[in-house]
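Colleague: Here are the chains, one letter per residue:
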Amino acid sequence: MSRFLFPRWSNLLLPTIIVAALTIPLYAVFFVAYGFSPETLAVGYQPPQPVPFSHAVHAGQLGMDCRYCHTSVEKAAHASVPPTQTCMNCHTQIRPESPKLAKVKESYATGLPVEWTRVHKLPDYSYFDHSAHVNRGIGCVSCHGRIDKMEVVYQKSPLSMGWCLECHRNPEINLRPTSEITNLAFDSATDLSVEQRDALKKKYHINPSEDCSTCHR
Amino acid sequence: MIPLPPRWMLFTGALAALALAIPPVVIARVRATPDPERAVHIFFDMDFQPKFKPQGQNPLFADGRAQRYDVAGTVAKGETKLDAHLFEGVVDGKWAEALPAGLAMSDEFLARGQQRYNIYCSVCHGYAGFGDGAVNKRAMELMSNSEGPVNGTSWVQAKSLHDPLVREHSLGMLYNVVTNGIRNMAGYGAQIDLEDRWAIAAYVKALQLSQNASLQDVPPELRDNLKKGEVK
Numbered sequence: 001m002s003r004f005l006f007p008r009w010s011n012l013l014l015p016t017i018i019v020a021a022l023t024i025p026l027y028a029v030f031f032v033a034y035g036f037s038p039e040t041l042a043v044g045y046q047p048p049q050p051v052p053f054s055h056a057v058h059a060g061q062l063g064m065d066c067r068y069c070h071t072s073v074e075k076a077a078h079a080s081v082p083p084t085q086t087c088m089n090c091h092t093q094i095r096p097e098s099p100k101l102a103k104v105k106e107s108y109a110t111g112l113p114v115e116w117t118r119v120h121k122l123p124d125y126s127y128f129d130h131s132a133h134v135n136r137g138i139g140c141v142s143c144h145g146r147i148d149k150m151e152v153v154y155q156k157s158p159l160s161m162g163w164c165l166e167c168h169r170n171p172e173i174n175l176r177p178t179s180e181i182t183n184l185a186f187d188s189a190t191d192l193s194v195e196q197r198d199a200l201k202k203k204y205h206i207n208p209s210e211d212c213s214t215c216h217r
Numbered sequence: 001m002i003p004l005p006p007r008w009m010l011f012t013g014a015l016a017a018l019a020l021a022i023p024p025v026v027i028a029r030v031r032a033t034p035d036p037e038r039a040v041h042i043f044f045d046m047d048f049q050p051k052f053k054p055q056g057q058n059p060l061f062a063d064g065r066a067q068r069y070d071v072a073g074t075v076a077k078g079e080t081k082l083d084a085h086l087f088e089g090v091v092d093g094k095w096a097e098a099l100p101a102g103l104a105m106s107d108e109f110l111a112r113g114q115q116r117y118n119i120y121c122s123v124c125h126g127y128a129g130f131g132d133g134a135v136n137k138r139a140m141e142l143m144s145n146s147e148g149p150v151n152g153t154s155w156v157q158a159k160s161l162h163d164p165l166v167r168e169h170s171l172g173m174l175y176n177v178v179t180n181g182i183r184n185m186a187g188y189g190a191q192i193d194l195e196d197r198w199a200i201a202a203y204v205k206a207l208q209l210s211q212n213a214s215l216q217d218v219p220p221e222l223r224d225n226l227k228k229g230e231v232k
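Those protein sequence lines, which keep their order, are chains A and B.
Using my numbering, the first residue of the first sequence is number 1, and each one after it goes up by one.
Using my numbering, the first residue of the second sequence is number 1, and each one after it goes up by one.
Careful: at least some of the hints might be erroneous.
Computed spacing ranges between beta-carbons, pair by pair [said to hold, decoys possible]:
hint : chain 1 : residue 1 : chain 2 : residue 2 : range
1    : B       : Ala101    : A       : Pro96     : 39 to 47 Å
2    : A       : Ala109    : B       : Leu82     : 29 to 37 Å
3    : A       : Glu151    : B       : Gln216    : 47 to 55 Å
Pairs of lysine-lysine residues, derived as DSBU-like cross-links and limited to a Cα-Cα distance of at most 30 Å, are as follows [to be verified]:
hint : chain 1 : residue 1 : chain 2 : residue 2
4    : A       : Lys156    : B       : Lys51
5    : B       : Lys53     : A       : Lys156
6    : A       : Lys75     : A       : Lys149
7    : B       : Lys53     : A       : Lys105
8    : A       : Lys149    : A       : Lys103
9    : A       : Lys103    : B       : Lys53
10   : A       : Lys149    : A       : Lys121
11   : B       : Lys77     : A       : Lys75
12   : A       : Lys121    : B       : Lys51
13   : A       : Lys75     : B       : Lys205
14   : B       : Lys81     : B       : Lys53
15   : B       : Lys77     : B       : Lys53
16   : B       : Lys159    : B       : Lys137
17   : B       : Lys205    : B       : Lys159
18   : B       : Lys137    : B       : Lys205
19   : B       : Lys94     : B       : Lys81
20   : A       : Lys100    : B       : Lys159
21   : B       : Lys53     : A       : Lys121
22   : A       : Lys105    : A       : Lys149
23   : B       : Lys137    : A       : Lys100
24   : B       : Lys227    : A       : Lys100
25   : A       : Lys149    : B       : Lys51
26   : B       : Lys51     : A       : Lys75
27   : A       : Lys103    : A       : Lys156
28   : A       : Lys105    : B       : Lys137
29   : A       : Lys105    : B       : Lys159
30   : B       : Lys53     : A       : Lys75
31   : A       : Lys149    : B       : Lys137
32   : B       : Lys81     : A       : Lys75
33   : B       : Lys51     : A       : Lys103
34   : A       : Lys103    : A       : Lys121
35   : A       : Lys103    : B       : Lys81
These are calculated hints, taken from the structure and not from any lab test.
Cβ atoms here follow ideal geometry from the backbone N, Cα and C, with glycine treated the same way.
Same shape as in the complex, but just chain B (with noise of 0.2 Å):
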């Protein structure tokens, strides 16, 4: 039997190693736990470049923004917007009955118009557009709360849009609504592309159909399959 070291040389050492655990378990937890400190850079590289990303700040203009609007009172090149019929729906004075010249419809178009409209109209008017969103629903809600409305809500019901009124709507008039809003609804011009504000007024339109549509909007063709289903 060797004899041991010393007492205080043993305690040293099995406190130094004791001293290595120590690393892993802070490792481990900083791992496990979100930080609002977690940006530690070790290799800086070139992680940070004297340059500007998208939506970045530059402390040189007042506002701080690092893109710059367009100067007041300029046009861009290729920006111009003459078009009455595609950028404003109007045609001859009046709303548009039809697409504009460019946009053809297609079952594609609507897909894109549906899809279009899942996104950004779903959310107050609801999927089939009776006005039933989960924002709507929401915001009732918060009107019906019993101390009153909450934080000076003030929702009025997201239109149907089935609503007679509302099924009167061209579609240059749709458009229009989608662009620049209406009574409460804000526009989403700037939100969604031109052609995909047509689209969605075109799904629009579709869905108008499919809640009231009789038996002489369906091709004669396929009629009969529609009489069978009736008849189940």
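Here chain A stands alone, though its shape is the one from the complex (with noise of 0.2 Å):
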């Protein structure tokens, strides 16, 4: 029985555990921070629906307002999503035979309402209100993204506490005049000097909040 020699190559060993123990704790935090983040696991969420509904045909190419269906966005928390009253208005007579419209005029005959899935999501124990936002200056475009540019509406932005946080320590960016809350193309940063925000946020009195209370109660 001879003794055991490491072989010379063990010499590298030392090195190249010294710079895994450096390099593979940053790579768990990388692949941590990265992967599991909102921007990762929400952002792009973009679930089938439904009825094809083309926001791009009915908010982009024929320029109808936000409003038009989401009529309690102004008045309430929520940001209602139309009956199918609000459909039948033009489709009893505008391609009231489209296979499109099938669970629509369904819907209208039953009276039972179409399933929309719902796309943004709050965890259950944040409050948002999007009354308070639109009547103050934060257009839909803000959050939302260039809907009237969606076939199909996905999640735009992460809606993380972080997100949030970010718009509440720097409105002033985000800031534009009510009457242009539902005009996507709208660009705060680009289409309002330094000045014209600060005098929005002085004149719709924005002092956001950053308490717990405020969206956790």
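Put the complex together from the two separate chains, hints included.
Modeller: So, in structure tokens, the structure goes:
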């Protein structure tokens, strides 16, 4: 029995282990921060909908105002999904025989709602109020993106707490006159000067709270 | 020169290093593509609580709605609609000529009417009321399709609000049309608030006046300005 001798190349092990010990934790941190963040897990969520309704056609091509359908957005926390009647305001006469409208017509006939799939979900312990934002200069596009260019709606923003606070700490960049609230092409960052945005901040008394109880109650 | 380890070991090491590159690539791809299945939840916390949110579902009810309608035949406190002028636009059995009590004509009221008109009415009637809204245009295109109206479209040109017949409508009648619809037009009572419907009716009157006014309608002190404008 000869004695075991470490081969000469094993001298390389020590530096290798040191390098690995330094990089692998960094890698793990990066992996969790990048992979588990809401930008990865939530943004881009584009569930299939029961009716192939196109925002690109209605809000984009036809230029209908968001509030034509989402009527409660200025008055309530919840921006309502329209009842079937709203679709049928026009579609009793426009393309009533389109197969894409089958589920809407069925709903109209039975009185049972179309079962749309919710895209933008907040955790149940956070209480967002649409009316508080749209009546004070935060437009739809700031959170929802260019809905007027989406065939099927997807989630544009992470809707995470860090993302909310980003704006609550620096709201000026997103402020716009309330007359442009539903104008998705309006870009506060380029269409308004810093002075104009500061003036809006004063005009709408924008002083966003960062207290826990603002959103969690 | 230190001798290198056996090749299989170098190979395994290189493979492991390459494998480390896979997760970032997958994550980058996920971030760049919309996905129907995105709703991955890692920390549930109390994200989903056993409560009903607006327009949510409740499987206990046959229609699946969590929000319930009023019980048939009941009226909630404060929801009686006895004021015929305010709710129906009728005074003494005739269409009202004036705004109901509590609503006053003002610049703000008309501006509100204009804003609401632009949201709800302009889609068909057009911003200036000539019946040339974007939806009307699109529908007329579908009607004039060379192979017949598309998918059973049966659109009638939206009324111009400057039509002599529409001009005759009183404020109360206009309010009623906004609320309950007329002919092919659906009622907007459920979509537009009560006061806003009156504001729209008032704004339509203003729109009509804008296309059909005489010099006598202009306050005397402003008439000169108008004449100057004409000369130009």
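Colleague: Taking the hints in turn, state whether each one holds.
Modeller: Results for each hint:
no.	hint	in the structure
1	Ala101(B) to Pro96(A): 39 to 47 Å	42 Å, holds
2	Ala109(A) to Leu82(B): 29 to 37 Å	33 Å, holds
3	Glu151(A) to Gln216(B): 47 to 55 Å	54 Å, holds
4	Lys156(A) to Lys51(B)	26 Å, holds
5	Lys53(B) to Lys156(A)	22 Å, holds
6	Lys75(A) to Lys149(A)	26 Å, holds
7	Lys53(B) to Lys105(A)	26 Å, holds
8	Lys149(A) to Lys103(A)	24 Å, holds
9	Lys103(A) to Lys53(B)	24 Å, holds
10	Lys149(A) to Lys121(A)	21 Å, holds
11	Lys77(B) to Lys75(A)	21 Å, holds
12	Lys121(A) to Lys51(B)	14 Å, holds
13	Lys75(A) to Lys205(B)	27 Å, holds
14	Lys81(B) to Lys53(B)	29 Å, holds
15	Lys77(B) to Lys53(B)	24 Å, holds
16	Lys159(B) to Lys137(B)	12 Å, holds
17	Lys205(B) to Lys159(B)	15 Å, holds
18	Lys137(B) to Lys205(B)	24 Å, holds
19	Lys94(B) to Lys81(B)	18 Å, holds
20	Lys100(A) to Lys159(B)	28 Å, holds
21	Lys53(B) to Lys121(A)	11 Å, holds
22	Lys105(A) to Lys149(A)	26 Å, holds
23	Lys137(B) to Lys100(A)	21 Å, holds
24	Lys227(B) to Lys100(A)	56 Å, violated
25	Lys149(A) to Lys51(B)	34 Å, violated
26	Lys51(B) to Lys75(A)	22 Å, holds
27	Lys103(A) to Lys156(A)	27 Å, holds
28	Lys105(A) to Lys137(B)	23 Å, holds
29	Lys105(A) to Lys159(B)	26 Å, holds
30	Lys53(B) to Lys75(A)	16 Å, holds
31	Lys149(A) to Lys137(B)	20 Å, holds
32	Lys81(B) to Lys75(A)	21 Å, holds
33	Lys51(B) to Lys103(A)	28 Å, holds
34	Lys103(A) to Lys121(A)	24 Å, holds
35	Lys103(A) to Lys81(B)	34 Å, violated
Going down the numbered hints, you'll see the structure goes against 24, 25, 35, while the others check out.
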